[in-house]
Structures are given as structure tokens and as C-alpha cells.
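Undergrad: Modelling step: build the complete structure from the supplied sequences, incorporating the hints.
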Amino acid sequence: MATIVSKKKACVVNPLKASSPLGAALAYLGVEGSVPLLHGAQGCTSFALVLSVRHFRESIPMQTTAMNEVTAILGGGENLEEALTVIQSRMKPKFIGVASTSLTETKAEDFRGNLKEIRARRSELDKTAVVFASTPDFEGALEDGWARATAAIIESLVQPGPAARTASSRVNVLPGVHLTAGDLDEVRETIEAFGLTPVILPDLSQSLDGHVPDAWIGTSLGGTSVGAIGAMGEATHTIAIGEHMRAPAELLHERTQVPFTVFETLSGLEPTDRLVSLLIRLSGRQAPMSLRRRRSQLVDAMLDGHFSLSGRRVAIAADPDLLTALAHLVTGLGAEVVAAVSSTDRSPALARLPCSEVIVGDLGDLEEAAKEANAELLITNCHGQPAAARLGIPLVRAGFPIVDRVGTSHRTSVGYRGTRSLIFELANEFLSADDDHSSHSSEVRDVHATAHGV
Amino acid sequence: MSNTLKARIAELFDEPGCATNQKKGAKERKDGCKKPLLPGAAAGGCAFDGAKIALQPIADAVHLVHGPAACEGNGWDGRHTPSSGPTLYRLGLTTDLSELDIVMGGAEKRLYKAIKEAVQKHAPAAVFVYSTCVPALIGDDVDAVCRHATAKLGTPVVPVNAPGFAGSKNLGNKLAGEALLDHVIGTIEPDNTTATDVNIIGEYNVAGEFWQVRPLLERAGIRVQACITGDSRYRQIASSHRARVNMMVCSTALINVARKMQDRWGIPYFEGSFYGVENTSTSLRTLASMLVTRGAPEALIAQTEAVISSEEAKAKALLAPYRERLTGKRALLYTGGVKSWSVITSLKELGMEVIATSVRKSTSADKEKALEQLGDESALVDSIPPREMYARLARGDADILLSGGRTQFVALKARVPWLDINQERAHAYSGYEGAVALARAVDLELSNPLWADVRRKAPWEERG
Chain P
1 MATIVSKKKA
11 CVVNPLKASS
21 PLGAALAYLG
31 VEGSVPLLHG
41 AQGCTSFALV
51 LSVRHFRESI
61 PMQTTAMNEV
71 TAILGGGENL
81 EEALTVIQSR
91 MKPKFIGVAS
101 TSLTETKAED
111 FRGNLKEIRA
121 RRSELDKTAV
131 VFASTPDFEG
141 ALEDGWARAT
151 AAIIESLVQP
161 GPAARTASSR
171 VNVLPGVHLT
181 AGDLDEVRET
191 IEAFGLTPVI
201 LPDLSQSLDG
211 HVPDAWIGTS
221 LGGTSVGAIG
231 AMGEATHTIA
241 IGEHMRAPAE
251 LLHERTQVPF
261 TVFETLSGLE
271 PTDRLVSLLI
281 RLSGRQAPMS
291 LRRRRSQLVD
301 AMLDGHFSLS
311 GRRVAIAADP
321 DLLTALAHLV
331 TGLGAEVVAA
341 VSSTDRSPAL
351 ARLPCSEVIV
361 GDLGDLEEAA
371 KEANAELLIT
381 NCHGQPAAAR
391 LGIPLVRAGF
401 PIVDRVGTSH
411 RTSVGYRGTR
421 SLIFELANEF
431 LSADDDHSSH
441 SSEVRDVHAT
451 AHGV
Chain A
455 MSNTLKARIA
465 ELFDEPGCAT
475 NQKKGAKERK
485 DGCKKPLLPG
495 AAAGGCAFDG
505 AKIALQPIAD
515 AVHLVHGPAA
525 CEGNGWDGRH
535 TPSSGPTLYR
545 LGLTTDLSEL
555 DIVMGGAEKR
565 LYKAIKEAVQ
575 KHAPAAVFVY
585 STCVPALIGD
595 DVDAVCRHAT
605 AKLGTPVVPV
615 NAPGFAGSKN
625 LGNKLAGEAL
635 LDHVIGTIEP
645 DNTTATDVNI
655 IGEYNVAGEF
665 WQVRPLLERA
675 GIRVQACITG
685 DSRYRQIASS
695 HRARVNMMVC
705 STALINVARK
715 MQDRWGIPYF
725 EGSFYGVENT
735 STSLRTLASM
745 LVTRGAPEAL
755 IAQTEAVISS
765 EEAKAKALLA
775 PYRERLTGKR
785 ALLYTGGVKS
795 WSVITSLKEL
805 GMEVIATSVR
815 KSTSADKEKA
825 LEQLGDESAL
835 VDSIPPREMY
845 ARLARGDADI
855 LLSGGRTQFV
865 ALKARVPWLD
875 INQERAHAYS
885 GYEGAVALAR
895 AVDLELSNPL
905 WADVRRKAPW
915 EERG
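Same order as they appear, the protein sequences are chains P and A.
With the first letter of the first sequence counted as 1, position 256 gets the number 256 in my numbering; the numbers rise by one all the way through.
So my numbering is basically just the index in the second sequence, starting at one, shifted up by 454.
Heads up, some of the hints might be wrong.
Here are the simulated BS3-like pairs of lysine-lysine, each with C-alpha atoms no more than 30 Å apart in a straight line [as the list claims (entries may be wrong)]: (1) P:K7 - P:K371; (2) A:K563 - P:K7; (3) A:K460 - P:K107; (4) A:K563 - P:K107.
In short, the hints are calculated from the structure, not lab data.
TA: Put into C-alpha cells, the structure is as follows:
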């Protein structure tokens, strides 16, 4: 159990937070044929766009209502209308996801009312799904925007009412923003191994997984289709991954009665076992051989890797659910989380973290806490690199953004296979660090390892 | 937005130093050059973005963003503008305004506290405070807070009034220049001055490019008082008003600084570039001759010519093998401003053909220079929609695209070579050394064996 500490300071040093509208835009990118539209100044979109392009190493469609000083005061309804029709005529998307920003939220406009009027006036938008989420930058961070946008999609597009679900093989998956395209592939394959068909919302594994289409596509390259979203009420179960996806799962349940399970994390043996148990129950099938082998490989990875993690002092900064996943994984292998920093205080999962306190703060707080606690490893996004260099300890990159590595979309850390990779990565980081400081202590560890028959 | 800021922007649009303005009539000038953005089809950064880009390289200062999370959170430490000393400028500082601060009017108080924390914790040479849309909308008096903080804390606290919704990135560059003119330049007298002191304006030392130029200037006997702002220190800029000549390297960005320094302190300026052998030599020559006109010893010219001839000979020898390999290769240049013409020179020096250059962010002077280089109006293009650019590249109109991160994937998805020449680039391409580095980079990219490999058909696409 962790105490949640909010630092009383006016100046954030090295922000950990990526903004809520950016989270919403990413969620919208997980819908097929989509264009996210941030309702704010051009910079709101430009910063979010540039950062996303650098992280995913992909072209990213993201537009702006281009608010200026006059429209910011008088109201942005006209800008919104013009943006929607311009996007519709130029890019022919199937879906436009609108997210507000702090600029438009400060004026507290009636966005939904505006949208309704626009749709009534503009018949050319009839065939385009338009969804709105309220995501002021001054509230929450990436996870919040992602979850709100997912909820907005569900609210606008999922057909309400309990549908005939008898013998449905469909399973809804609502992944948190911290899951990569690789993670989603892992979840999909695990579900398919039971003869079930996953419908993932949002699905970045189809749109931002890095692939080369045969022609230029101006909208998102793939993702969940608007049709599949509409039919999510026909699924037999909903699996939400990360505490921040609880609200969208509940909303989906409210509208469709589809029962749901929230997995706080899917990184680790125990949570993956729970997922597999659920899939056995839902499908009425036994786990296939391939999955059994993967479980066995994970157990072996844990056995091999724990020597390198045991007793190690780890400092982590991330959005709440990623922090949760990482903290449980490393402590589960005998490491200690000596510094935990969360971008927001908006998750009940924080209080359950396996460390004494969690700071709601920034990377400045992480650096200070890691230094004070003599941390041996930092885990955070790529902005942690200068801190890691100053502290002279390795950095394992996790979260958003990671602009200084390739293959970020395919790094996996969930399920049997993903957890296995993550353990190897962490253990190897410690092994390299030990090589670098080829000191007495590493010899002791080797002896220790030998004594245990490795 | 305050009336002062409105007046300031109107004045900037009326900039007499701007070549575009010089061609306009009085009425057109009054209308300004603000192109209204089209909602749903706008691209590019905001004024705050531009202001931050222009000032962030001041390395011993801290840069504090007064606004909600996104303004700094989504953009901080994104540009590689290295410092040879202090690293304070890389810190991402923000007031991260909450709803409470905004609704209850606590934002100004929070800003003051944040400045105080930053000064106490980091002991910077100065604090630059960037206002953003929300504080501008709720009417925060950032100037007053900064004045108060300067008096109270004994460290210069400079307000940078460039909220994002005021306009484009380019306008933000200029508003940053205004902040320097209002609060920084001329506030400290230099310890010593020489007859060959110059300022280089609009050079941000991206990827360390100014480090390829500074040694050349030193060898020629030209002393850099301040690079505004690449790898600079607050004090250098504060005392830059005693330089003898200003060189402006990014044409449109900080023209107001160059022009007003001329008005206030009589420092003549010229526009030049350090991209390509020819441009570099021309710039060195112009600096030397302008300095001599202003009283520097005549010998400066001979010394500069000596540097030029030895460097040109060296570069020529190094470029020869590349020229052989690259002659006739066709490039599409998609960048902006000064690079729309200065990079053409470099590519032409390699025997390459530039099939088109984008002048969407260039001044009319830039356009003229580009036209001079290419000799064909149709080669000057405005913006190219991604779909069209993809089509052109896919059908083989160009062998390589030189552009920035935004269009990178248009080339890569069309399986066409690409080189980063914009702000996120990792390699430095300026001066003589840089001209060789650019040649090598283009050659490496074009001759990489992967291109043939990735263009092969998949096994299931091959005809039996």
C-alpha cells in the first residue's frame, strides 16, 4: 500500500505528463479511416502531432480548428463547422474524433450543442461518424484523454440495448493507452487461440504498428471499423486493460449489458493466468499447446531473470496504469521500487502500488527521489535520459514519448510472451550495468547464482 | 489578448526591413501578412512554438512556460540545439495550470512562485517566461509579474508575449525578438569590444551547425559577440548592441531584431547563409568587407580570403568523388525560408538537379534567390499535399526527398530515399565541413542497398 504524495510546488520541472487531448487523439487514431481534430489553437495540434510522429515514426493525420484570439473569445462553433466540412471534403474520412483543449474549455462552450446544430445543417457530414470528447489539458493526462475518447466513441457509436448474444464468439477488448501495437497483437493472438474473435477499441495495432500500405492513405491506416464498434454490444464479454479503462467498460456495460472484467495489468504470470482462465471459461475450450509452451517459457524467464532483479533498487515514473504494471512486475521478481512518480493522482490503482509512497509529480521529482534512494535503474519515457546520465544509471524506456528508439510499437510487455521479453530486457540491463562496473559485487552475485545451480 | 500585444503584432506586420513589405503599397501593408488559417487544413506551429524555438538555445537561462500541461508537456526538449557549456536551458519548466488556477484567478500567483522556485533552485542567468493562450485569455499580466520578480529576486525575468493563438510560428520568432529588444539587448555593456565584433542572428546551432562556422570566423579574425541565439549566454546577448555588423542567417525569423538594432545602435546588417561552399564564402567576404567599412583593419580582408581559399580547396577535393557519384541525381526539396534556396546551392554544387523547391514559408527575397538558382518558375512550388507528393515520389519524379519530419514518411512509404534537413535533423550541414557532410549523407542515402531490396515484389506478388 502506498501513500500518495503531492508535491507543493508551483513550478513543474521536466514534465512527465503528455496532455489529455493528445491521449484522445491517439485513441481516435485506433479507429479505421479516422482523422482526429483538436478544437484549439494550431499549436495544440502541432505539438501533439510532432510528438506522435516522432514516437510512432509514422505520418499521423491530426487536424486543428485553428482558433485565434478572436474566435477564442467569441466562440469556436464556426471554426468547428468549417474544420469538419473541410476535413470531410479533403480527406473523406469515415470517422472524425473531436477533442477539446484547455483553450476552448476555458470559455466553456457548448460543444455538444454546436455539433448537433452543425450536423443538422451539414448533410455532407451524414456519412461520417463524428465523436466529441471533453479533454481540457488542465485536467488529467494521456490516460484520461484516451479513456474519455474511448468512452465518447462507445457512447456515440455502439448500438444500445442488449443484443442476442447466444454463442457469440466475440470478445471486446478495451486496452489502455500504455499498450503497444505489439501488446495488442499478443492479446489478440491469445484470445484467438481459444477460437474467440477480439474486437479491440481503440486498435493501434492496425493503424500505428508501422506497415507500408500500397497507396497513400490520408486518414488512419487501419483500426477498428465504425461498423464493428456499432456491434460491440453483441460480444460475450469485455476485457478492459488498465484501471483507466474501467469507466469505458462500465459505460459499454450500461449500454449493452455485456459483462466486463478489468485487468489492472496484464504484465506478469498471475494476471495473464487470470486472463487465460477467463478465456477458458468464455470459450469452453482448453488452452492450446502453443500457449502452454509460452507460459512455461515465461516461468523459465522468471527463474533465470530474477537473480538479476532481486534486491535491485528501481525508480519508475509513468502514467498511473503503466506505473502499476511495471511496479508489480519488478517487485514480483524481488526488486524494490524505491521511487515511484505518477503523472496524475486520478487512479485508484496508485494506492495499491507495492511501494511505500508514490509522488504525483514530474521527472524532476523522479530524479531527486532516485538520487536520494540510490536507485540502480530508471524506468520512464525518453525524457528520462538526461536524468539517467546525470545519475550514472541505466534507463529502460517505457511510456510516451519514446522518440530515440526504433521498434517502440513492437515492444511487448503483456501476456506470457510480452512479460518474458520485458523480464529479459530488465535483467539484461542490470547484467550490462554489472559488466560496466566489473566490481567485487558482481562476482558475489555470480557466486550466488552458481550456488543456486544456474 | 492585450492591446499592447495587438499593437505589437500590427507593427511587426508593418516591418519595413521585410522585403515582402517593401513591395507592398501603404494599404496592403496595413492589412498585414497574416494568412488566415483554414480550420481543418492548417499545418505548422503556433506563435508560442516559434518564440520558444528562437530563445530556448540561450543556454544559461531557464525557460518557464506559463500555461496548462500541453504547451510544455508535449514539446519540451524536442530540438537538438546543443550547448558547449550550461545545460540549464534543456530543463522543461512550466506552471502546469490547473482548472483551479484558471477559474479562481490564481495563475499569476502561481507564476510568481514558479519563477521564485526556478531562481532559487537553478540560479539561472535569466528566466524567460512564455505566456500561452490560456493566461492571455484570462488576462494574466505576465509583464507585471516579471517586473515584480526581477525587482524582488535580482535575476532578469523576461516576459515573452507570444500566446499560440496570436499567429504562426514565424510571428512567434519575431515576438521573441521583440522580447530581446525590449528587455535584453543593450542592458549590459560588454567587458571588451573589438573592431571585428559581429552578431549572428537567427542561427540556433541546430545539431551543432554553428560549431562548423565559428572556427572559420575566428580564423578569419572575426569575433562573434553573440550568436542569437545558438549556444549563447544571456550576457552575450545583453551586450550584443556593441557589435559592428549583424549577419542574419534565417531570413524572416528575426528581421525585426536586425532592423531595430540598426535603428538604435547603428549596426548594419545583411542576410547570408552558411549552407554550401559558395554561400559560406560569400558570407565570410561580406562580413569582412562590412567590418572594414566600419573601421576594422584592411588586413581582415586578406586574412578572410586566405581562409576561404584554403577551405574551398579542401572542400573541393573532398567533394569531387561525391560530385562524380551524384551528378544528375534529382532531388525534391521540401523545406522553408532560407533553406528553400540555400540548400539548392549545395545540391547544385554536387551536380544534382533540384526538380522543385517549396517556397511556402519563404519571403519574396527567398523566392527570387531560389528562382535565380533554378531558372524555372514552375520549380517553385507552394505546399504539396501528401497524397500528391507520394504519387510524384512513387512514380520516380525524384531520387531523393530532402525535407523535415512531417513529410519523412511520405517518402519512406513510397520507398524513396529521404534526408532530414529540418529542425530535428541529427547532422550538421553548415560551412565547408557541413557541405561535405551533406554530400556524404545524400550519397549514403542514395546508394544504400536497402532500396533495391525493399522495392522487390513479395513472393505472392510474383507472376509464376
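Undergrad: Now tell me if each hint is right for this structure.
TA: Consistency of the hints with the structure:
{"no.": "1", "hint": "P:K7 - P:K371", "result": "17 Å, holds"}
{"no.": "2", "hint": "A:K563 - P:K7", "result": "17 Å, holds"}
{"no.": "3", "hint": "A:K460 - P:K107", "result": "20 Å, holds"}
{"no.": "4", "hint": "A:K563 - P:K107", "result": "21 Å, holds"}
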